[in-house]
Amino acid sequence: MDWQALTLSLKLAFATLLILLPSGLWLARWLARTRSRARTWIEAAVVLPLVLPPTVLGYYLLVSLGGQSPIGRWASDTLGVGLTFNFLGLLIASVVFNIPFMVQPIQRSFEAIPHNLIEASVVSGLSTWATFWRVELPLAWPGVLSALVLTFVHTLGEFGVVLMMGGNIPGETRTIAIAIYDRVQAFDLSGANRMSLLLLVFSVLAIVVSLVASGRFAPASRTRQRP
Amino acid sequence: MSLHVTIDQTQPMRLAGSFACAPGQLVALVGPSGAGKTSLLRAMAGLMKPQNARICVGSACWCDTAQGLFVPPQQRNVGLVFQDYALMPHMNALDNVALPLRGPERLHRAREMLRRVGLSPEQMQRRPAQLSGGQQQRVAVARALVREPAVLLLDEPFSAVDQMNRQTLYALLAELREDIAVPMVLVTHDLNEARLLADELVVMAEGVVLQQGRADAIHRAPRNARVADIVGIANRFDGVWLGADANSPPGTGWLRWGSGDAALHLPVNDKGRIEPGQSVAWVVPGEGLRLCETPTPGAVNAALGGGLSLPAQVVSLRHLGDVWLLRLQCVDGPQARFQIMLTGPQLRPLVPGQWLQLCIDLSMVHIMPIKTGSGALVSAR
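Going line by line, the protein sequences match chains C and Z.
So the first sequence is residues 4 to 230, counted in the working numbering.
So the second sequence is residues 142 to 522, counted in the working numbering.
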């Protein structure tokens, strides 16, 4: 078991959630409510990382953020940091490829909130902010939870984009998925096995949590309601 | 403080007219679906921003487009009961009612309000899905009233509950009304409900306010044929207004009913609002119709002195409890079908085909223009 890789993966997953949760919530709610014509285009852009091959996404990120690119040069000149082959580059890639996993479930659950509940809240005197905290967020909570879980597990398991953007630097960019590949390459199947099993358990747990959250996996006593 | 609403917009839908509602008064917006009743209510609540409107409660205005004023719904303090209640599914009844309240007393006040509408302490802890339709409705009413709103708005609040519950809820609303000293506006498509609960009706069609008044006043004198249709006046006929001449009794003019040889000229009240020669609709309320003696088949007595008696044949008789609904067909003169409610001593066995004499009190006949005019903006009290 490569504990360093596991720790790095967990660190990456939590950092991704920290960045994507507030921005994803905001974008998802905007997409669910807006009547803007830009909506279709933005929705398409949100889905893009889902359909793009990870290596392609990784390639474009590498090209646009690398040392030769304007963004990369600007970052190294003004901030003094590189955006590729380090943890920061990994984080940027992770945030980008997780956008659909964060935004889509939250958007669906915001869309499912009956509009008259929002109106009832507003007529009851609650501000937009209070309506969000007391009505929208509690009702969208299953979607938010499922988005968090999906994003978390997806980050742990991502391989292609990470390899393209981060390479394989121990303690800096070697995530658990890369470490598994590494172990197999080195014919250390028992090491690969342990780490793969861990990711499998994480994934199954994620599915259970997201099913429970969406109410489809609820125990019988919870679904039965008084007439 | 009375509520005054004047609205005039064409987009996104036509909405025009004005009406008023005094404190403690309940006004019902009635009309067919798509008449704009709910839209008008939403404009009052601030959920819709009208093109041109003035909505004021007393001296405080919520919307005055001429001044560029639009108070957001949060600051209007309206109580709104939604058609499907719009209760928060993730909160129990108590938290739903406490939603509009602030401060340490909020749960106490919410509990008190729920008790008044008849919920037990155990029911207060349940979520909406665990309450019956009638109980949900009570919670919705409690939430609308708990903040002591400046105006109470009810959007078809009884449409989703069954008949039995509806009667109890009518009683509840009637009881609560005693303590509510604010204007109340009820949207309903059910005329009986409107007559039962409301002090006044506001009749709407195609987004336009056609008439405001007490239900009996509208029935006696509908503004136009469209109003007569909407409030369901059974005895409505077409004719031509001829106006007054030397032979017409003072204060009356001639109404020609029917055509050719069968036409009758009836002396009816002349309010001077209709040009002679114009096609009109005329109505006579139930009080203006009765069965009189001596059936004489074949003879039409267009009598003076405010009465007309017509021979008529029974078409059908329906027993509606204490009231019998009698349909009569006039054969001589203009072919017309009348509908009369028989009660008390008037009840007697009648068979279809039987001849009767129908007496019409011409002083109760009301004539009105057929087309719905643009004069609809003025409210008739």
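FYI, nobody ran anything at the bench for these hints, they're computed from the structure.
Please note that a few of the clues may not be correct.
Stated by the list, open to error - Computed footprint of chain Z on chain C, listed as stretches where at least three residues anywhere in the stretch have a Cβ under 8 Å from a Cβ of chain Z: (1) 18 to 32; (2) 196 to 208.
What the hints assert, rightly or not - Take a look, some chain C residues computed to stay more than 10 Å from chain Z by CB distance: (3) Thr37; (4) Ala48; (5) Val59; (6) Arg76; (7) Leu82; (8) Gly85; (9) Phe88; (10) Val98; (11) Val99; (12) Arg111; (13) Leu129; (14) Ser130; (15) Leu159; (16) Gly160; (17) Glu175; (18) Leu214.
Every residue, glycine too, gets a C-beta built ideally from N, C-alpha and C.
Which earlier hints turn out false for this structure, listed by number in ascending order?
1, 2, 13, 14
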